[in-house]
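There are 2 protein chains.
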Amino acid sequence: MMKVWNFLFLVTFIISAVYCGYVYETKTFTTLLDHFNFVDDRTFSFRYLVNNASVSNDKSPILFYAGNEGDIELFAENTGFIWKIAPKLGALIVFAEHRYYGKSLPFGNESYKDPQHLGYLTSEQALADYADLLKFLNPEEERPVIAFGGSYGGMLAAWFRMKYPHLVTGALASSAPVLQFPGVVPCDIFNRILTSVFKVALDRNPDGTPQSICIDNIKKSWTVLQNYSSNDEGRKFLNQKFKFCTAMNKTEDWNTFYDYLQDVLGNLAMANYPYPANFLADLPAYPVREFCGQLNKEFPKNEELINAFNEALQIYTNYTQKLTCLDISSAYASNLGSKGWDFQACTEMVMPTCANGTTDMFIPKKWDFKEYSDNCMKKFKVIPREMAAMTQYGGKRMDTASNIIFSNGLLDPWSGGGVLRSFNEKVDVIIIPEGAHHIDLRADNKLDPASVKESRKFYLEKFKTWINEFQTKM
Amino acid sequence: MMKVWNFLFLVTFIISAVYCGYVYETKTFTTLLDHFNFVDDRTFSFRYLVNNASVSNDKSPILFYAGNEGDIELFAENTGFIWKIAPKLGALIVFAEHRYYGKSLPFGNESYKDPQHLGYLTSEQALADYADLLKFLNPEEERPVIAFGGSYGGMLAAWFRMKYPHLVTGALASSAPVLQFPGVVPCDIFNRILTSVFKVALDRNPDGTPQSICIDNIKKSWTVLQNYSSNDEGRKFLNQKFKFCTAMNKTEDWNTFYDYLQDVLGNLAMANYPYPANFLADLPAYPVREFCGQLNKEFPKNEELINAFNEALQIYTNYTQKLTCLDISSAYASNLGSKGWDFQACTEMVMPTCANGTTDMFIPKKWDFKEYSDNCMKKFKVIPREMAAMTQYGGKRMDTASNIIFSNGLLDPWSGGGVLRSFNEKVDVIIIPEGAHHIDLRADNKLDPASVKESRKFYLEKFKTWINEFQTKM
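Which chain is which? The protein sequence lines are A and B, in order. The first sequence maps to residues 411 to 884 in this note's numbering. The second sequence maps to residues 411 to 884 in this note's numbering.
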């Protein structure tokens, strides 16, 4: 009887693990809650996924995903490139989950209870977690380690190499906005690139309409939607039309809706892949084109514009036709830890954004640190440390970095805060003109643009070079 | 009246500041108590000394002393090299005091009260203090910064460059045992070098005595002193002879005395300069030679040996003839923070030592981490983190480091844990055969050996190169 249970357990395990075709063991690693205080001995456990199918000996390379703000399984499923190359490198695959995300909650359900519990959610602590895990997996430092990640995970991968070069041989930082910090890049860069993606989304517009028709309609929508939000009758119309889970009932609800819509537009651009994907949401191929396809002509009447905008929005919210009501409290799927990221943005990851309504399609809004800070105080009782990340990791001067590939897709609004120019011959910059947010880390797809295919070839060769150099030095 | 007070204050200030001939302003900088927890907003102030006499413009270089375990004025007074070269570089001089030492006590008199108050005493926090101070002094990062330091201060200078290369252009790490950690160098290396320094201390011995007479006598003293310590009569003799401030009254007191004597021998070697100095104590020129001069023959009777040993010891303890009683609780001057360092050694700075009695002159003793750890638990209620420093900073692999000079005097027992071989062309290793502990940082002296003079010339040229490279990249 016992054996049957074991067998059933094993089957269940295998079924759950091969979801999406990737097989991994789920393990946990126990480390210090606070790596920077030597009298605090509290520990916690974080999750990591391992696949050693390609490992031939105890000096095999390690491909190490520096987990970012979400459930690590989500990232494992969306990082097909690594699964593909591991056999070619004979490498161990490790996906480490970032503390406070997924199932790696230091205080369980109380992790997000108050600022005191949240205080250990920092990038420095996360990197120290990863360093500890690597020392455990590679105690003699005999195995070359390649860190990689996308977005904030890419930032972590690059910083991991920069701060712990003795543990990390090289890093692939995909779509990593390591420069999106105060005083380094202009605050409107994100919205400017985002707008340009929507501007060129339609291959061709119906006769007579300007190419800017989509962003013109989006711009016009702000005025119209805000007007409708400002009175009972208008809100009644919007509630019926958009089917909000929580009905709008006061003028200020517009702010929530607008914040949500900005996030949706950003996410559409980030996930603007040439094939259907379910990264930030279930989306069709080229979702920005699909979105703009609903807004490709002039709408003489405001209600027509709202109708069309609602149709467009459903590309993001309801592509799978399962929507029962529209939850505008967050534009992110539940397996992305948006609350944790909000906290990080309110402490260390201060990334200024602004809009001017001219070179971008948004309502003009200056970057106002005071307002931002007040908001953080209200939300988390913390004051953001505007300069913390740049003091810790450096922005303007990164010329000592080595063995890092920074890759950016130009369709990705985050590319504005990415490294687009190399500062020495040991740092490679890869530009993917047709690429959205870390498309290069994804699995091969027959619709991949040539630049993505080329970049993946380059990465593999570069990884081999780093591994060779490491082994030569042993 | 007010003016008179101001004037008197100013005079007092100048008098105190020009002590030893170096003029500086004493300032304080307020920063975070915990740089790695973003919900803890507590701050504290640390001291730093500044001299801007050579500064010509707001892009002048900064010479930054990464303060170590002691009163920063002590280090300022013993780092004459920097005072000499600042005018040649047109540089600002900054000596930053390490948290928990000197007057930079985060919790005032309560800083050492218990482990909770001591928890913020770590090298990572100290480096983050220095990073914050540099961001304040050099907000636009337009000024090249050269960090320097000796001993633990040298370790901090090297690590500062390695961890914050965007803020630190280059580093001079003098006598910095960055490799004196578990699993990197053998635990007996310190005592082996120390013994060899005593072995060759005497230019020539009286006819017929072997060159090893000094260390033979030291070795024999352990047996004799331990025997005397083990009974009332013997202890009475020792108490009369050594004039302990707290009389020995039980067999175990030998352990305290032996620990003290080991420290004294180590300090004699570290401060074995060719001229009188008052770094670790008021000492004559070549104090090891002086010490051994008292032990340069055979002593048939034990009491004669003890007499001679006492005479020898007074080279360290009573060179200024002011000793009223011998305090064996610490071999360090009160302006060196030995308690703080004890705590650091019990947390992060685990530097194994051992003796075998054969290749060294000490009582054989294995490195026993368990015993070491138990001792730390007793003293500070902490468990040492054996691997912390090497995980954080790296030991075996430092090949990505650049713009660092590691210098070591071969008369310095700490040189065994220093970097004695360069790992790339951007790291320079300077060996000073006749040098003791960071002699190269001291002021010029006509008795300086040629190797010290040469090394100082090399440093200045290298600093100029780094500064030029920095300015070229601007």
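These aren't lab readings, by the way, just hints derived from the structure by calculation. A few of these clues could be false.
[To be verified] Here are the simulated SDA-like pairs of lysine to any residue, each with C-alpha atoms no more than 25 Å apart in a straight line:
id, chain 1, residue 1, chain 2, residue 2
1, A, K872, B, L499
2, A, K545, B, E550
3, A, K874, B, K883
4, B, K545, A, V594
5, A, K791, B, T441
6, B, K545, A, P549
7, B, K806, A, F546
8, B, K806, A, T666
9, B, K780, A, F546
10, A, K883, B, T441
11, B, K836, A, R831
12, B, K789, A, D451
13, B, K867, B, D451
14, A, K791, B, D451
15, B, K883, A, K791
16, A, K780, B, S783
17, B, K806, B, L499
18, B, K874, A, V594
19, A, K653, A, T666
Comparing the hints with the structure gives:
1. A:K872 x B:L499: The given pair, whose Cα atoms are some 41 Å apart, is violated under the 25 Å limit.
2. A:K545 x B:E550: This hinted pair is violated, its Cα atoms lying about 36 Å apart.
3. A:K874 x B:K883: Violated, at roughly 31 Å.
4. B:K545 x A:V594: Between K545 of chain B and V594 of chain A the Cα gap is close to 15 Å, so the pair holds against 25 Å.
5. A:K791 x B:T441: Given that 25 Å is the threshold and the Cα spacing comes to 20 Å, the pair holds.
6. B:K545 x A:P549: Violated, at about 35 Å.
7. B:K806 x A:F546: holds (16 Å)
8. B:K806 x A:T666: Violated - the C-alpha atoms of T666 of chain A and K806 of chain B are around 53 Å apart, more than 25 Å.
9. B:K780 x A:F546: Holds - the C-alpha atoms of F546 of chain A and K780 of chain B are around 21 Å apart, at most 25 Å.
10. A:K883 x B:T441: violated (41 Å)
11. B:K836 x A:R831: holds (23 Å)
12. B:K789 x A:D451: It holds: about 16 Å lies between the C-alpha atoms, which stays within 25 Å.
13. B:K867 x B:D451: violated (45 Å)
14. A:K791 x B:D451: Status holds; Cα separation ~11 Å.
15. B:K883 x A:K791: violated (41 Å)
16. A:K780 x B:S783: violated (48 Å)
17. B:K806 x B:L499: violated (34 Å)
18. B:K874 x A:V594: violated (28 Å)
19. A:K653 x A:T666: holds (15 Å)
Against the hints set out earlier in the document, violations occur for numbers 1, 2, 3, 6, 8, 10, 13, 15, 16, 17 and 18.
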